[in-house]
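Trainee: Put together the whole structure using the sequences plus the hints.
Reading the sequence shown from the start, the letters are residues 1 to 243 in this note's numbering.
Keep in mind that the hints were calculated from the coordinates and are not lab data.
Any given hint could be a false lead.
Unchecked claim - Simulated restraints, written as ranges between beta carbons of each label pair:
1. Val-181 with Val-55: 23 to 29 angstroms
2. Thr-47 with Phe-89: 18 to 24 angstroms
3. Ser-92 with Ile-144: 39 to 45 angstroms
4. Thr-105 with Tyr-180: 32 to 38 angstroms
Glycine included, every Cβ here is placed at the ideal spot set by N, Cα and C.
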Amino acid sequence: MPILAPDFRANSGVQLFLFLNDLAGRFPLLDQIARYLYIGAVPLLATLFLAQLLVLPRADDAPARSRIAFSVAFALLGVAFLALGFELFAQSLNLGVISPRPFMTRRVNLLVVEPQDNSFPCIEVAFAAVFAVGMALSNRKWGIFGGTITVLLALTRLYCGTNYFADVAIGALFGVGMTYVCSALFEARLRLFAHKPALQSVSGLTALLVTCGGIYFSLAATPRFASKLPVFWSSTATAAQEE
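Mentor: Here it is in C-alpha cells:
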C-alpha cells in the first residue's frame, strides 16, 4: 500500500484539484494550451534563464553571473537527487510507488499520459521554480514572469489530472528554497575570478551546462523519467485519453 494514501491529501487542496480537473475536456482550445504548457514550461524557463544570464538586461545590483549559474546548477542537482532518493526509497521498501498519482486511485479527466509513478513531490514544478528564481536573481521583472509560468505549470498539472495541489506546492517550495540557499552559500564562499568578468561567465555557464547534461542522463536512467522522455518528441504521448 502506498505510504501517502489519498486520505493524506484531504486537507492539501484536493478540492482545488477536483475543481480544475473537472474543467478538463470541456474546452478543446484550453486543453491544447494546457498540453503545450505542460510539456514546454520547463524548457521555456531554462531557455529564458540562459538568455537572461548571458545577453538580456540585468539589474545593476544583480549578483555575479557565476554565482547565479552555480546556484542554479547545484539547486538542479538537489532536485535531481530528491527524485532519485524517492526512487531508491520506494525500491528499498519494495513499493511500486510512495505516493500514487490521482489517476491511479480515482477516475480523472486525464489529458497527458504519465507513467504510474510517484506523484509527491512534483519534480517538474521544482525544476521550473529553480529557473524562475535564477531569473529573479538577475532581474526581478523576469523573475515575476518566471514565477507566473511556474504557477501556471502547477495549475496545469492539476488541470491535466496528474498531480495534487500538495505535490506541486511542495515541489515549488523545494525548488525556491534550494536555489536561495545555494545562492546564499555562494555569496559567502564563491570568489572565483573576481577581477575577470569574462571568466566568471564562462565558468558559470560551463558548470550549468555540465550539470544539466548530467541531470538529464542520470534521470534518463531511472524508470520514472525514462518513460517520460518520449513526450518531448512524440505527439502521441500527449493524446487525450478517453475514460
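Trainee: Under the constraints set out in the numbered hints, which ones does this structure not fulfil?
Mentor: Of the numbered hints given earlier, the structure breaks just one, which is hint 2.
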